[in-house]
Structure formats: structure tokens, C-alpha cells
Amino acid sequence: MNDQMQKQLGKTLWNIADTLRGAMNADDFRDYMLSFLFLRYLSDNYEAAAKRELGSDYPDFPLDVLLQTGATTPLQAWYEENPEDIAEFEKQMRRKVHYVIKPEHLWANIAHLARTQNGELLNTLQKGFKYIEEESFQSAFGGLFSEINLASEKLGRSYSDRNSKLGAVIKEIANGLADFSSDVDTLGDAYEYLIGQFAAGSGKKAGEFYTPQQVSDILSAIVTLDSQEPATGKKEHLASVLDFACGSGSLLLNVRKRMGPHGIGKIYGQEKNITTYNLARMNMLLHGVKDTEFEIYHGDTLNNDWDILRELNPAKKPSFDAIVANPPFSLRWTPGEAMGDDVRFKNYGLAPKSAADFAFLLHGFHYLKDEGVMAIILPHGVLFRGGAEERIRTKLLKDGHIDTVIGLPANLFYSTGIPVCILVLKKCKKPDDVLFINAAELFIKGKRQNQLGDGSNGTPDHIGKIIETYQFRKEEDRYSKRVRMERIVEEGYNLNISRYISTAEPEPEIDLSATHEELMKLDKQTREATTKHNAFLKELGLPLLPLSEG
Amino acid sequence: MRGIRTYTGLGKLVARLRDDLNTADLVLLYAYNRTGKTRLSMEFKDAGKRKHKMKNPTGTPDTLYFNAFTEDLFVWENDLEGDSVRRLQLNEKSSFFNAMTELALDETIARYLFRYADFEFDFTYKEVQQDKDTISKPDFVSFRKGGEANIKVSRGEQNIFIWCVFMAICERMLDGHESYQGKKYLYIDDPISSLDDNNAISVACDLAKLLRRAATRKDANGASAPIKVILSSHHALFFNVMCNEVGRRADGEPKITHKRYFLHRPNGDGAYTLQATEDTPFFHHVATLAELLRAADPAKGKLYTFHFNALRSVMEKTASFFGHSSIAFCLKALDNDEDRALFNRALNLLSHGAYAIHEPTEMGEDNKELFRRILRDFVTRFEFSLPGAVSAPSAAPAYTPVPQEVPAQ
Numbered sequence: 001m002n003d004q005m006q007k008q009l010g011k012t013l014w015n016i017a018d019t020l021r022g023a024m025n026a027d028d029f030r031d032y033m034l035s036f037l038f039l040r041y042l043s044d045n046y047e048a049a050a051k052r053e054l055g056s057d058y059p060d061f062p063l064d065v066l067l068q069t070g071a072t073t074p075l076q077a078w079y080e081e082n083p084e085d086i087a088e089f090e091k092q093m094r095r096k097v098h099y100v101i102k103p104e105h106l107w108a109n110i111a112h113l114a115r116t117q118n119g120e121l122l123n124t125l126q127k128g129f130k131y132i133e134e135e136s137f138q139s140a141f142g143g144l145f146s147e148i149n150l151a152s153e154k155l156g157r158s159y160s161d162r163n164s165k166l167g168a169v170i171k172e173i174a175n176g177l178a179d180f181s182s183d184v185d186t187l188g189d190a191y192e193y194l195i196g197q198f199a200a201g202s203g204k205k206a207g208e209f210y211t212p213q214q215v216s217d218i219l220s221a222i223v224t225l226d227s228q229e230p231a232t233g234k235k236e237h238l239a240s241v242l243d244f245a246c247g248s249g250s251l252l253l254n255v256r257k258r259m260g261p262h263g264i265g266k267i268y269g270q271e272k273n274i275t276t277y278n279l280a281r282m283n284m285l286l287h288g289v290k291d292t293e294f295e296i297y298h299g300d301t302l303n304n305d306w307d308i309l310r311e312l313n314p315a316k317k318p319s320f321d322a323i324v325a326n327p328p329f330s331l332r333w334t335p336g337e338a339m340g341d342d343v344r345f346k347n348y349g350l351a352p353k354s355a356a357d358f359a360f361l362l363h364g365f366h367y368l369k370d371e372g373v374m375a376i377i378l379p380h381g382v383l384f385r386g387g388a389e390e391r392i393r394t395k396l397l398k399d400g401h402i403d404t405v406i407g408l409p410a411n412l413f414y415s416t417g418i419p420v421c422i423l424v425l426k427k428c429k430k431p432d433d434v435l436f437i438n439a440a441e442l443f444i445k446g447k448r449q450n451q452l453g454d455g456s457n458g459t460p461d462h463i464g465k466i467i468e469t470y471q472f473r474k475e476e477d478r479y480s481k482r483v484r485m486e487r488i489v490e491e492g493y494n495l496n497i498s499r500y501i502s503t504a505e506p507e508p509e510i511d512l513s514a515t516h517e518e519l520m521k522l523d524k525q526t527r528e529a530t531t532k533h534n535a536f537l538k539e540l541g542l543p544l545l546p547l548s549e550g
Numbered sequence: 551m552r553g554i555r556t557y558t559g560l561g562k563l564v565a566r567l568r569d570d571l572n573t574a575d576l577v578l579l580y581a582y583n584r585t586g587k588t589r590l591s592m593e594f595k596d597a598g599k600r601k602h603k604m605k606n607p608t609g610t611p612d613t614l615y616f617n618a619f620t621e622d623l624f625v626w627e628n629d630l631e632g633d634s635v636r637r638l639q640l641n642e643k644s645s646f647f648n649a650m651t652e653l654a655l656d657e658t659i660a661r662y663l664f665r666y667a668d669f670e671f672d673f674t675y676k677e678v679q680q681d682k683d684t685i686s687k688p689d690f691v692s693f694r695k696g697g698e699a700n701i702k703v704s705r706g707e708q709n710i711f712i713w714c715v716f717m718a719i720c721e722r723m724l725d726g727h728e729s730y731q732g733k734k735y736l737y738i739d740d741p742i743s744s745l746d747d748n749n750a751i752s753v754a755c756d757l758a759k760l761l762r763r764a765a766t767r768k769d770a771n772g773a774s775a776p777i778k779v780i781l782s783s784h785h786a787l788f789f790n791v792m793c794n795e796v797g798r799r800a801d802g803e804p805k806i807t808h809k810r811y812f813l814h815r816p817n818g819d820g821a822y823t824l825q826a827t828e829d830t831p832f833f834h835h836v837a838t839l840a841e842l843l844r845a846a847d848p849a850k851g852k853l854y855t856f857h858f859n860a861l862r863s864v865m866e867k868t869a870s871f872f873g874h875s876s877i878a879f880c881l882k883a884l885d886n887d888e889d890r891a892l893f894n895r896a897l898n899l900l901s902h903g904a905y906a907i908h909e910p911t912e913m914g915e916d917n918k919e920l921f922r923r924i925l926r927d928f929v930t931r932f933e934f935s936l937p938g939a940v941s942a943p944s945a946a947p948a949y950t951p952v953p954q955e956v957p958a959q
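Protein chains in written order, with this note's numbering: chain A, 1 to 550; chain B, 551 to 959.
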């Protein structure tokens, strides 16, 4: 599938969303829509596997032929004809694709029920979701659809109201998808596209779960480069990558895209919002990440809810090769008294209640491998705020953990217009300076959001420039600079980029001798003109103009 | 303080209020328009800026002061030429916005705004040179709704938006954010002009919650570090809800001490009088009842779930007036058992959780009926004498706060 079709699919889906969502809250609609897309993906994947499994026994007939037998899917026809083999077949499927879907829960059947406005649609769907949650993936996907309330009043007052409403939605989606192939990348990308669109449309309150693709590209490029010698290029393999505020998981998927399908040992993510957490899990699967290749945990990062991260035995303490994060900006938090002794914070201090930015940073940093690299997006304030944050920053700098500071333009995010920066941290870094990149002024002005150019379609390559500057630690006037620690100490550990990189346009240099010549020339012209003028005045008998001394 | 005290000038009045705040967490001032509230608030603020050998050698202002209008925090830029890019310009000189420079407050603001209004906002920042640094300061804010960008919002919407900005900033100030270090007082001058009454109530509830936090604030070392608050208003309903909200002690929450005054300027000679309005304030319940009756009017009124709370609060006061400790006393007086049980349940259901109060949700028809029945019974049974303006609700537009015309007791 090419880019063109990709876009087309995204647009088709978005149009469906646009026409149908008026009737319900945008957030709710997002959840329904994405869940259906996910079900369709699971179904297709499952049917393809079933076909392989059953070989020539698979009754692969067109729908009209099937319908004559009373079945809506080939699998249903097979189930009806081979009841005694079902158990063995499902066992095989569980082993091979890790989940089972009953024929009546397959997307094809659901879509058929929707097309025929069957009254059983809602019940069937409900059972299907429940079955997938409880019986599939050895229960690893408990609660995956928990936020999809098919009995919600939002859909309609009575069962039949709800049934027909969802029927309409599913019919549209089924039609929209019919022309598109169902390979993993296509659906995954369409899913990603929709998540982005929903994030853009959902306003400040809910836009935070999504990192704009371009910013995500920068982070993932940085953490996939060799951490000690970025100039040597991309790493061959990452044993593990963590995003401790993973939202819909797009940042993790971006890192994976860069590393290739087998480039990462295991993907770890944590997310506090349950709906978003489910979204992230679906997103992983839709991008072809196997359920054994990732682990997403639902819990509060600042409280450190995740059991595996609270391993007390230092020898078993988990650590990660690469850490990326775009945590909620300036989140208010309430560190309890015990927090001060928490292993993550005790060497640095607690972030203030008014902004948890540094708490997130320290959380991630604690789990960074000695040779790993972490890239995190935070508001500019972390570079210069005083008080407790100044102390944390100072300690990080003194210990040589801050490798690079990248200032980004304002208005890149949906949730806020505040300018943000990327901090690159390492436990051990070679250079004893800090690289500052002032990328704040290079962007494409957008109507509501600003964009970073990626070099395609004639845009300037803002993204590539940032990555290259980091990779080769390049210096460039008014753009990037390697600043020695002595200088940073002089500035009182204030990292405000403007202290180190002047963005003021330099005054044009004045060529003194040229200016002198020019002035001499003007003076000569004046005198010539005056002399000429005085000649007329003299003829008229009028007083003369004074001549400048020359 | 008992009786009426007279102060010959604003300075003396400020001294009195500052003195009060040494012992109380909060002072609530009620005054009619044109009494001099705003000048009083400026005087209070200035008093905190004066250099003092011992108390304030550097002259650092000790008060965070909120009045959207006197400092012109926001000014409309209507783009009269192009008539399309309408926006609200921020007064960059005001130190009020310092936190916005350093923190991403958008989501906090949005969280508040979502309860009252349904438009979106976008802040645009600009780079400003400040000492050695260039920093991003908020420049202006534009609004959008649906697909429409750069819309102009109504005066009421603008006010509620500004209020939400204030709440967001205030939260961080209470958290001890760097930008507001050294502030000891919060002066909120007439926060709600031109808000409808349901917003007035939910604003008051939000604010009361914040004030409770101000009073019990602790510094980074866990020591008590309260922010003392003065709140002045001419809006009787708002004032009343504030009194009730801060007076009530919610489960597990510490009590906050407060003083309530009626501020008056008896004649033009610059003297002010303060009259304490203690626990039987100058007719708050009556004002509330009047308000509730109006809301309950099937033809003109609109009943929101928070009205149950307001009714309960009046019942509580009534019960305590008769020497009883709970509203069971009032409920017992109602006609039938079934209503009593229903009312109890309605109260529990509808007043639980913050959202019931903050999101002005209209009552369902059945609840409205129940509410009207109980209110009618209650008013009849206890023979409340309501001010004249109330008995003819049809004459007064639902919007005008009734009590404005009534002189202080």
C-alpha cells in the first residue's frame, strides 16, 4: 500500500468519524471507532491464520454462497460441519496466534448484522468483546474493551435505539474499509492517523495522550543512535525500551519502526488513564507487535505503581537501554512524606507540588541503563526554574548526566502552546560539555499548530537538522553550541538556552573605508552643487549660500 | 468585634483587615457597588508593598491580587481592520501571569473552563528579553468553538475564562510555586460580575475548596504556611454561598476561621463602617430562599442539581437556629414520610462528588417536582417572611440578584 492509499484510508475513516460523531461526545466516539477498527484487525488476522491452519478444508466461498448455507463467514461454515474438531482447532489457534475468536464474533459477521439491521447486533458484539477479553490471550487482555460501554445511554435510550445507532456506525466503517487491504501496516497506520486526528480535535483537556509525529521522530532517532558515540550511527539492537507515560503508545511504536520489527527485545510502557492504556495495547497489536513482545502497565508512574519497577533486590533492578517520554507538562502532584526517601528521588530531591516535571524525569532516569540514553520532553521552565528544581538540575549537571538540551518551537502540541524542550540524559557520557540546540526558530507556521519540516514535499528538514546536530555534536552560529561546565557553573546552573546561544541577528558590519569614500563623494557633490547654485544667485545679486569647509 | 466600627480612612480600614488576618484565615466582605471595594483592595495591596525596616525591608509585594478589570489583565483586540483575528491581549507587565511563563497551565485552565463553558482557547506566546534571558511570555489568547477560530466570546464567557485562569494560577501559588514566593495574602476583589447565578454558585464552591487549601497550606518542610485571603463582593448570592461553604465543615476537613463583614460608607466623607455579620448573617438564608423560589418557578426558573445543596444549607441554618444539630429537624416537619426519604436520597445522590456541584446539571422532571414540593412545604411550615421583591417573582428578571436593594440590618 502506498502513501496515497494510506492517506485515503485515513481520510475515509475520519470522514465517517466526522459525520457520525455529532450525535455523541467526541471522546466516546473515538473509543467506539478505534475498538471496531481493532476488532476488524483481530478478525482479519484470525481468519488468515485459520485459513492457513485448515488448509484446503477452509470453506473459502464468497458471501452469497455462504449465506445460502446460513453462514456469514467461512469459519462458521466450517464450525457447523466439524463440531467435533472445534476444540482441537481452537487449541491450535491459541498456540499460534495467541487468541481465539468465535465465528459469530468475527468482524464479517458483525458487519453483516449491521448491514441487515439485525436486532442481535449489540448483544453479539458485547459477547464478542467479552470473549476476547476473557478467553483470548490467556486473559492477558482483561479489560481491553472495558471502556466501551455498549449499554451506554449515550448511544440511545432503549436497546433497539442503541442497536440501530451502532449498526449505522459499523456499517459505515465496514463500507469504508471494504476497499482497503487489511495488512497490519495499513490498519496500524490508519489507526495511528485516527489517533492523531482525534487528539487534534479533542481540545486541551484530552490532547495530552498524543505526541506529534514529528517530535516523536526526533526522540526516537536520538535514543536509537549509539548512546556513547552517536556519530557511529544507529544501534543494531535495543534490549528494551521504556515509555513511562506512554499514552496511546505512538512514541514506542516510532522507536520500533526505526529499529525494525526485530530490533527491540521488549517494549515497556506505563499509562495512567485507563482508556488510553487500552488504546495503547490495541495500538501495539495493530502494528503487529506480538503480545509477548510488549508489556503495558496501567498505573500511576509518580506513585510507582508498577510492581516490576519496585524490585528491591538491586541485582534484579530493571533497567532500560532506551527511555522516551512525553509526560503531562507541569502536572500538579502531591508527594507524600515517604516520597523523599523513595529511591528514585532521594539523591536529587523532590520536585515541587506545583510541577511534577522533574519527578517524571527522575523516575525515568532511575531506570536508565548505565550505557543507555533517555530523551524526554518538558516545558522550558525546567531549564531555569528556581528552588527545588534548581537543586535537582544542579545535581544532574554536576554528576554529568545532562548531555543535550534542545529548545523546540512553541505551539507544537495540542494540549498547550507553551514552548518545550527535549532533554537528553545519560548515566555516563563522554563529552564533558553540554550541547545546546536552539531549534525554536525553525518551524513551519501552521494555523493552530506549528509544524517541523522533515525535508519531504519541499519543506526544510528541521527534524533532520536537529538529529544531525545531536549526532555529530555540531556547532553552528545562533543554532547550536557545546558549552563547557565551567560556563554553566558561572551561570548558576541555569540552562536557559538564550544564555548560551544568542539568537539576536548580528548588526551588519560597517565597512569604514567604503563609508568614508561615500561621504567624501557626497561632500564633493554638495560643494559642486552649491558652487553652481551660487553662480545663479550672484547673477541675480542675491546673498550666497555658505560653502562647507573642504 | 461587635456592633459597628467606623474607620476614618482606607488606611485605617486596611490596618484593621490585616490585623484580622493575623488570627483568621479568611475575611469575607460584602459591600454594595460604589462603596469603594476596589480602592480598598488597591490600598490593601499597596500596604503590602511599602518598605518597612523590620517587616519588609525590600518592599516585596506580599499580596497576590485579583481583579481582572483594575489591572486590565486582559484587553480585547478586535482586529477592526481585518475583522477576523479577534483575541484577548494579556497585560504582560502584570506579575500575575508569571506562572504562565514557566508552567503549562492550559490543561488546568481547560479543566475548570469545561465545567462552565464550551469553547476552546489557545494561548500564543512571545519571546521577551528579561535580564540576561529570553523567555516566553503569554502574549494573547484566542478562542474557538466548533470549527470556528478566533471567535469573540461574550462578556460572561470572557469573565468565566479569566476566572479559570485565575483559579489555575491560584492553585500553583498555593502549591508554593517559585513565581509567587513571598506572597502571604490573596485579595480577590469581586470575582464575578456578569456571571449568571448558577455559575456564581459553582464558582463559589470551587473557590471555597481553594480557600480551604489556602488556610491549611504547608510549606516544603511540612510547617504550616497559610495564605490569608480577603474576598470582597457585591453579589449577595455569591457571598451567601461563600459564607455557607466556608462555614460548613466537610468530613475530615479542617475548619477554617473566617470573619464576615458588611462594608458600608454611610456618607461621602470618606469614613467606612464595618459591621460583623456573624452566624446569622444579614439575611443570607432569606436571600437564598428567595433565589430558590425563583429557580423553582415552573414558568421562569431553572432548577439545577446544586439547588438541593443550597436548600440543605438553608435547612441546616434553620435547624441550628432552633437549636437542633441536623436537618432532620426540618425534614421531620415536612408533610409526608415518603418525601423525606426521597429528599434525603436526592441530597446524597446529587451532592456527592465534586461534579454534581460544579457542572450545572439541570434536574430531571421528577426531581424538580420533588424539589418544589419540599421547598413549598418548608417555606410554609416555617413561615418565612420573604422580602417583597420575591413575592412577585414575575416582575424581576431571573438574572438580577434580588438582595441588592435591601439595606443592611
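Please keep in mind that the hints were generated in silico from the structure rather than gathered at the bench.
Just to be clear, a hint being listed does not mean it is correct.
What the hints assert, rightly or not - Partial list, derived from the structure: chain A residues whose beta carbon lies under 8 Å from chain B: (1) Gly446; (2) Arg448; (3) Gln451.
To be verified - Simulated crosslink set (EDC-like; lysine to aspartate or glutamate; CA at most 16 Å straight-line): (4) Lys353/A to Glu721/B; (5) Lys768/B to Glu528/A; (6) Lys445/A to Asp672/B; (7) Lys447/A to Glu912/B; (8) Lys759/B to Glu707/B; (9) Lys852/B to Asp769/B; (10) Lys447/A to Glu670/B; (11) Lys353/A to Asp725/B; (12) Lys447/A to Asp672/B; (13) Lys682/B to Glu490/A; (14) Lys430/A to Glu441/A; (15) Lys353/A to Asp689/B; (16) Lys702/B to Asp769/B; (17) Lys676/B to Glu657/B; (18) Lys676/B to Glu441/A; (19) Lys682/B to Glu337/A.
These numbers were taken from a predicted model, which means no experiment stands behind them.
Every residue, glycine too, gets a C-beta built ideally from N, C-alpha and C.
Hint check:
1. Gly446: violated, 12 Å
2. Arg448: holds, 7 Å
3. Gln451: Result: violated, 16 Å to nearest chain B Cβ.
4. Lys353/A to Glu721/B: holds, 10 Å
5. Lys768/B to Glu528/A: violated, 82 Å
6. Lys445/A to Asp672/B: holds, 15 Å
7. Lys447/A to Glu912/B: violated, 37 Å
8. Lys759/B to Glu707/B: violated, 22 Å
9. Lys852/B to Asp769/B: Distance of about 43 Å is beyond 16 Å: violated.
10. Lys447/A to Glu670/B: Since the Cα atoms of Lys447/A and Glu670/B sit roughly 15 Å apart, the hinted pair holds (cutoff 16 Å).
11. Lys353/A to Asp725/B: The hint holds at about 6 Å.
12. Lys447/A to Asp672/B: holds, 11 Å
13. Lys682/B to Glu490/A: holds, 13 Å
14. Lys430/A to Glu441/A: Judged against 16 Å, a Cα distance of about 29 Å means the pair is violated.
15. Lys353/A to Asp689/B: Not OK: Lys353/A and Asp689/B at ~26 Å, beyond 16 Å, violated.
16. Lys702/B to Asp769/B: Status violated; Cα separation ~41 Å.
17. Lys676/B to Glu657/B: violated, 19 Å
18. Lys676/B to Glu441/A: holds, 12 Å
19. Lys682/B to Glu337/A: violated, 37 Å
The structure fails to meet hints 1, 3, 5, 7, 8, 9, 14, 15, 16, 17, 19 from the earlier list, while all remaining hints are met.
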